[in-house]
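Based on the hints, put chain B in the right spot on chain A.
Those protein sequence lines, which keep their order, are chains A and B. Each number in our numbering corresponds to the 1-based position in the first sequence with 1179 added. Each number in our numbering corresponds to the 1-based position in the second sequence with 46 added.
These are computed hints drawn from the structure, not numbers from a lab. Note that the structure is a prediction, hence the values are computed from the model and not measured. By construction, the Cβ of each residue, glycine as well, lies at the ideal position given by its N, Cα and C atoms. Please note: incorrect hints may appear among the correct ones.
[Said to hold, decoys possible] Cross-link-like lysine-lysine pairs, in silico, PhoX-like; alpha carbons within 20 Å at most:
no.: 1; chain 1: B; residue 1: K50; chain 2: A; residue 2: K1332
no.: 2; chain 1: A; residue 1: K1407; chain 2: A; residue 2: K1349
no.: 3; chain 1: A; residue 1: K1260; chain 2: A; residue 2: K1332
no.: 4; chain 1: A; residue 1: K1407; chain 2: A; residue 2: K1260
no.: 5; chain 1: A; residue 1: K1260; chain 2: B; residue 2: K50
no.: 6; chain 1: A; residue 1: K1194; chain 2: A; residue 2: K1332
[Claimed, not checked] Computed list of chain A residues with no C-beta within reach of chain B, every gap over 12 Å:
no.: 7; residue: S1200
no.: 8; residue: V1206
no.: 9; residue: S1207
no.: 10; residue: M1293
no.: 11; residue: M1376
[Unchecked claim] Quick look at which bits of chain B chain A covers, simulated, 3 or more residues with Cβ under 8 Å:
no.: 12; segment: 60 to 66
no.: 13; segment: 70 to 82
no.: 14; segment: 169 to 176
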Amino acid sequence: MHRFANPARFLRLAKVILPYSSGIAVVSLGLGLWFALLGSPADYQQGETVRIMYVHVPAAWMGLFCYVAMAVFSAMALIWKHPLADLLAKATAPVGAAFTFLCLVTGSLWGKPMWGTWWVWDARLTSMLILLFLYLGYMALVNAFDDPERGHKAAAILALVGVVNVPIIKWSVDWWNTLHQPASVVKMGGPAIDASMMVPLLLMALGFKAYWVTVLILRGRAEIAAQKIRVIRMAQIHAASRGE
Amino acid sequence: MTRKQRRLYFVLLGLATLGVAVALVLTAISDSLVYFYSPTDIVTQRLPEGRRMRVGGLVEAESLKKDGKTVTFKVTDVTNAIPVSYTGMLPDLFREGQGVVVEGRMEKDGVFQASEVLAKHDENYMPKEVADALKKSGQWNDGKQTHPSQPQ
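For reference, chain A alone in the conformation it holds in the complex (with noise of 0.2 Å):
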């Protein structure tokens, strides 16, 4: 694990996973959205609305996901004091951020028509909104300091804190009567999503985390390059002054 925390040995890897990550991203994104909007049946009971469910539901799975991946780069940068793991962790935040609000956002859509009602204040809708809020939270305590390596140190803190939501999330629909309904995919017993409409369902996941791996990429190298500038200036300074 240590022998990825060198920028520059990250930076050689990106270059040969990126051709590969944006890809699968394009082509299963593109074969998963014809799957979902056109190549799957309708449903039983919810007729075409059942379609929302092919970005809602991989989108929620993406916040989760990002959000994890954030707390275990935040631990990283805070244990070992890796430099690329709060480069990352940065990266990850607005990903997640993105794809929780589209989860919220697709589940307002899909639930006025189903359930009848935009937003309730249930267990699960509510604590997918805090995770939301930790995004945003995390993404603006990261940028609130003048020492970028303060701001690193502050955020990682909020995002290692901020993990106790995730099995809150997960579990809320089994611990207390909830209006949204319990989960499909993981759960005990197997999943109760017919197969035709379980590849539409997981080509969307891949295409999203695949996507991630993408962006997680190029805004890396961003960052990388940035604290490069970073550092060239200071020695600028450093040097300007003492010549003084």
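Showing chain B alone in chain A's frame:
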């Protein structure tokens, strides 16, 4: 112990403490985290009349009656059932045997006066043909026992 190990244990201990604290708080306030009560809760706990609350369960088969714009039906959790009266638009998924959550007040005559009716759907997704085939072969369970809309 090296500094790294100390930080590792510190983070792990911190997370464990936080986890336990949150679990305790959530267990303590569990009652206010439920989105709705089951008919059995209403019957056994004698929740006060006139208080605004939500009741969830299945629409009892053959209990649905329409009288102009007002509908009456029973919400059941198989053990107990509560009569509900509602005036207004019903969600598309609303039908007998379907999960619902109704919000309103318990009146003195024992009828729950609902001001809002929300449909609850289950976690099963399948094409119509599969549902029809299941019904034909007798394996259909009407979505009732795989997941009752309330805790057992």
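Hints, verified against the model:
About 15 Å separates the Cα atoms of K50(B) and K1332(A), which keeps this hinted pair within 20 Å; it holds. With a C-alpha separation of about 39 Å, the suggested pair K1407(A) and K1349(A) falls outside the 20 Å cut-off, and the hint is violated. Restraint check: the Cα-Cα separation between K1260(A) and K1332(A) comes to about 10 Å, which is no more than 20 Å; the hinted pair holds. Only pairs whose Cα atoms come within 20 Å are accepted, and K1407(A) paired with K1260(A) is accepted, the gap being roughly 18 Å.
The straight-line distance between the Cα atoms of K1260(A) and K50(B) is roughly 9 Å, inside the 20 Å bound, and the hint therefore holds. Pair hint K1194(A) plus K1332(A) does not hold up; C-alpha atoms about 28 Å apart against a cutoff of 20 Å. With a minimum CB-CB distance of about 29 Å to chain B, S1200(A) clears the 12 Å threshold, and the non-interface call stands. Residue placement check: V1206(A) keeps its beta carbon more than 12 Å from all beta carbons of chain B (closest about 25 Å).
At roughly 20 Å from the closest C-beta of chain B, the C-beta of S1207(A) stays outside 12 Å, upholding its exclusion from the interface. Separation of M1293(A) from chain B is inadequate, the least Cβ-Cβ distance of about 6 Å not exceeding the 12 Å criterion. Not every CB of chain B lies more than 12 Å from the CB of M1376(A), the least distance being 5 Å, so the non-interface label is violated. Restraint check on the segment 60 to 66 of chain B versus chain A: 4 residues with Cβ-Cβ distances below 8 Å, three needed, restraint holds.
Check result for the segment 70 to 82 of chain B against chain A: holds, 6 residues qualifying (beta carbon to beta carbon below 8 Å, three or more required). Remark: the segment 169 to 176 of chain B is confirmed as covered by chain A, as 8 of its residues place a Cβ nearer than 8 Å to a Cβ of that chain, reaching the required three.
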